[in-house]
Amino acid sequence: MEIFLQQLINGLVQGSVYALVALGYTMVYGILGLINFAHGEVVMVGAMVALMSINAMLGSAFPPAIILPVALFAAIFACMLLGYSIERIAYRPLRHAPRLAPLITAIGVSIVLQTLAMIIWGREYHAFPQLFPNQSHNFGGAVINDVQLAIIIIALLVMSMLMLLVHRTRLGRAMRAVAENQSAAILMGININQVISITFMLGSALAAIAGIMVSANYGVVHYYMGFMLGLKAFTAAVLGGIGNLRGAMLGGVLLGLIESLGAGYIGTLTGGFMGSNYQDAFAFLVLIGVLIFRPSGLLGERVADRA
Amino acid sequence: MSRLLFTLVSAAFVFNLAACNKADRASSAENGNDLLVRIGAAAPLTGPQAHIGKDNENGTRMAIDDANTKGIMIGGKKVHFELLSEDDQTDPKIATIVAQKLVDAKVNGVIGHLNSGTSIPASRIYSDNGIPQISPSATAVNYTAQGFKTAFRVMANDSQQGKVLGEFAVKNLGAKNIAVIDDRTAYGQGLAEEFIKSAKANGAQIVAHEYTTDKAVDFSAVLTSIKSKKPDLLFFGGMDPQGVPMVKQMKSLGLAAKFMMGDGGYTPKMPELAGDAANDMYASLPGVPLEKMPNGPDFKKRYEEKFKQEIQLYAPYCYDATNVMIAAMQKAGSADPAKYLPELAKLTFDGVTSKITFDEKGDLKGGAVTLYQVQNGKWVPIETLGMSGK
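If you're matching them up, the sequences are chains U and H in order.
Going letter by letter, the first sequence gives residues 1 to 307 in our numbering.
Going letter by letter, the second sequence gives residues 1001 to 1390 in our numbering.
Heads up, a few of these hints could be off.
[Said to hold, decoys possible] Examples of chain H residues toward chain U, derived with CB under 10 Å:
hint, residue
1, Pro1048
2, Ala1216
3, Leu1253
[As the list claims (entries may be wrong)] Computed spacing ranges between beta-carbons, pair by pair:
hint, chain 1, residue 1, chain 2, residue 2, range
4, H, Asn1376, U, Gly271, 53 to 61 Å
5, H, Lys1176, U, Leu5, 26 to 34 Å
6, U, Phe139, H, Asn1376, 29 to 37 Å
7, H, Gly1130, U, Ile89, 43 to 51 Å
8, U, Ala281, H, Gly1071, 51 to 59 Å
Think of the hints as simulated: they come from the structure by calculation, not from any bench.
Only a predicted model underlies this, so the values are computations on that prediction, with no experimental measurement involved.
Note that the Cβ used here is the ideal one computed from N, Cα and C, for glycine as well.
With the sequences and hints as input, model every part of the structure.
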């Protein structure tokens, strides 16, 4: 039982991170119909910037309680700027091009960012300093530490704030309008360029938060870290129904749980026939299964409630 | 899908580069009395293992720069060595493309690849074209067991390493219930299998065998399931990008077992990044400790002066591999692969890492294996085994 509980916790932690990153994919897709493959790299840049600011302040007299928020804001600011520039430089000129062009551009941006990060921060792994003592709590036989608790709580908090923003504010209404019909939105006096820029910046801010979470949890930062995470989060977004905000959150948490329970139990379930090496295959099997019965994902609708 | 596109794009890119190279190759073949010898180097220069790959390239570069400064003569001609360094991205598919590219560029020999998973598919291409390949670090048994006359390595293989690790785990550390994780690469899987064989032969029980990949960072799920089997030792067949988060997650889950890796874990990054979590962990490295190598301390000093960074892992082996190749060319009086290959096979060479001679398969004769432990954040050699040979 405690093993099961532990696997649930593992899955929830992993899933919260996936969900935050998946939101970035789904917001952009909802508005532009574009899969922004460079989003994983934004996560990495967030982690790198946070690491740089922490290291710059670590020698000074500032207490950790100030360093962390400052690093967080530096990372969010840098990522918002990056997200804005990516959209402005790479995607806006292609907005009316055939769909394949922005897709290839997205992959190109991802490679460029990765290589730039490699040149700036080097090939080696950087240690992400531990600012606060990270205590483990025993929870019915399962172990959860402070960082993991913080990940789950912050992810929940940020996601509810985003929901409020999209469904309760003027800006949110404008975003939903652009998602539904761009030309109609223009006629209603919405500045769609501005709305699209803000969407990219919001998604990038979430990516920055996710980047710090991942690096605090694993204690390691590397220029390559965004690639795999980006792919997984994209999968999560598709699983939940890409373009749908609740879907991205549900998909992220589900994917985390599937992976962790899959890796933990697949060996016993199949009597040793399949081992934990099928962890990823198992996650994709579930994805395929869902897509067969619900081609637009778990919460996706044909006329999606896109944001 | 992005994976596929990514591979396609990078493949197209590599082919494109190869095509460009053909044009300028003809012009720089041999000018005047100087003989131009091209040495290819292949290692991952991007991706999770880029730091180790760059270290390999540095080792080879240092040997080549040294040879150029010394002004080596081959067959009465002054030689200029040139390094062609390629990025195989730790990917077996890219490795074959890179190998073909080096062959097309008419290299006289290849130092590489870093990983077993890339060295093995690439070795067929080098063999088909008769180009000698010395891998500094591919330790999988299969690499030299394919019967290729061109494949050599300057490091003990996994059957030697796995045997020593298994024996050490059971006899010296008293492990009875052992859990194993491997990263499903040719190296990780091969080493894990040899380790299991040896541990079982020494009377231990394998209570769990779990798997991961060489790109994963989260192991909490497999570690949780291993925790329920209550092992007293966990062995991981893989490299340090996985080893660091694995040992940290192991400690944070409260899995109280000793942690052990093969040569892939013996890097300065391991204790540096994992911090306290890595304390008391074990890893092995074929060969004797650098401090005890005949020219080890001198090499370390020169390397750090030249590249302004610590040796990561295999740089001394790359340095030796390159020098062995050059020595064979000198002995044969020719840089022609067909002429110096027989000399390479029967050469005896005093390298930085050890005395190097190859057996009939191309394996290093009498490779020693040293076990290291992290003590107070530093790797400390504890025992060297297997000096007498196989």
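**Request:** With respect to the beta-carbon atoms only, verify the hint that glycine 1130(H) and isoleucine 89(U) lie 43 to 51 Å apart.
**Result:** 49 Å, holds
**Message:** Hint validation: proline 1048(H) versus chain U, beta carbon distance must be below 10 Å. Holds or violated?
**Reply:** 5 Å, holds
**Request:** Return holds or violated for the Cβ distance of alanine 281(U) and glycine 1071(H) against the range 51 to 59 Å.
**Result:** Because 56 Å falls inside the window, the suggested range holds.
**Message:** A range of 26 to 34 Å was offered for this pair. Does it hold for the Cβ distance of lysine 1176(H) and leucine 5(U)?
**Reply:** Holds, at about 28 Å.
**Request:** Mind checking the hinted window 29 to 37 Å against the Cβ distance between phenylalanine 139(U) and asparagine 1376(H)?
**Result:** The hint (29 to 37 Å, Cβ to Cβ) holds, given that phenylalanine 139(U) and asparagine 1376(H) are roughly 32 Å apart.
**Prompt:** Honestly, do asparagine 1376(H) and glycine 271(U) meet the 53 to 61 Å range at C-beta?
**Reply:** 45 Å, violated
**Item:** Interface hint outcome for leucine 1253(H) [beta carbon to chain U under 10 Å]
**Value:** 6 Å, holds
**Asked** Is the hint on alanine 1216(H) kept, meaning its closest Cβ partner in chain U is under 10 Å away?
**Response** 8 Å, holds
Hint compliance for this structure: hint 4 alone is broken.
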